[in-house]
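J.: Residue numbers (our numbering), protein chains in the order written: chain R, 1 to 112; chain P, 1 to 113.
Misleading hints may appear alongside valid ones.
[To be verified] Only pairs whose alpha carbons sit at most 30 angstroms apart, straight line, appear in this in silico DSSO-like list of lysine-lysine:
id	chain 1	residue 1	chain 2	residue 2
1	P	K110	R	K62
2	P	K100	R	K27
3	R	K44	R	K62
[Said to hold, decoys possible] From chain R, some residues computed to sit far from chain P (all C-beta separations above 12 angstroms):
id	residue
4	V12
5	R22
6	R78
Just so you know, these hints were derived from the structure itself, not from any lab.
Here the structure is a predicted model, which is why all the values come from computation and not from measurement.
Each residue gets a CB set at the ideal place from its N, CA and C atoms; glycine is no exception.
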Amino acid sequence: NAGVMQNPRHLVRRRGQEARLRCSPMKGHSHVYWYRQLPEEGLKFMVYLQKENIIDESGMPKERFSAEFPKEGPSILRIQQVVRGDSAAYFCASSSVGDTQYFGPGTRLTVL
Amino acid sequence: KNQVEQSPQSLIILEGKNCTLQCNYTVSPFSNLRWYKQDTGRGPVSLTIMTFSENTKSNGRYTATLDADTKQSSLHITASQLSDSASYICVVILTGGGNKLTFGTGTQLKVEL
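Based on the provided sequences and hints, a complete structural model is requested.
T.: Following this line, the structure appears as structure tokens:
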């Protein structure tokens, strides 16, 4: 049973470009969470999704950030018009209902 | 102010020695408290999970304790190994929080020969 998959592992973007981060949950998991880890800081919750629904997006910046978890395919975290402050590690986790969250290896975004 | 505070921020110990990491939290009510291990460049991995009614939980050389009255938790690592070098993160899940994790800033542990 493959774990949580994230791609790309490293992503470099110039200011103003778009970044798309993908997360494939563990088999059988229908809950996906996105977290951001800024340099020298702890992980911060961004958004919690189930298939085709956003359950909690209280940690998402109001602008430029969006997330989806379609019926088919991976969950996508999309950052439009990236700025240097978006440089961070973005982790995805998945779980069954109310169960332990399993984390992916993360995507390290660098904005030049 | 972070709702989950950890100490020390970093720690260096010799291989084979024991150590204890501390976690103080202000969030409540919570459904459970977890300790995660995060290797450099990797995602966090769950070590222990304790509900608010549990006092201690062990996983191999890792033993976590919880005092819900003082809102403190500790993670004790016995007979440390080089592979224990990592960041150890205390995480609280709020009751009714929809499984949303609140992370501490972590303790960076380095085990040396």
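J.: Hint by hint, say whether it matches the structure.
T.: Comparing the hints with the structure gives:
1. P:K110 / R:K62: violated, 38 angstroms
2. P:K100 / R:K27: Holds - the C-alpha atoms of R:K27 and P:K100 are around 20 angstroms apart, at most 30 angstroms.
3. R:K44 / R:K62: holds, 15 angstroms
4. V12: With a cut-off of 12 angstroms, R:V12 remains clear of chain P, as the shortest Cβ separation is near 16 angstroms.
5. R22: Its Cβ never comes within 12 angstroms of chain P, the nearest being 15 angstroms, so this holds.
6. R78: Given that every Cβ of chain P is farther than 12 angstroms from that of R:R78, nearest at about 20 angstroms, it holds.
In terms of the numbered hints stated before, the structure departs from hint 1 and from no other.
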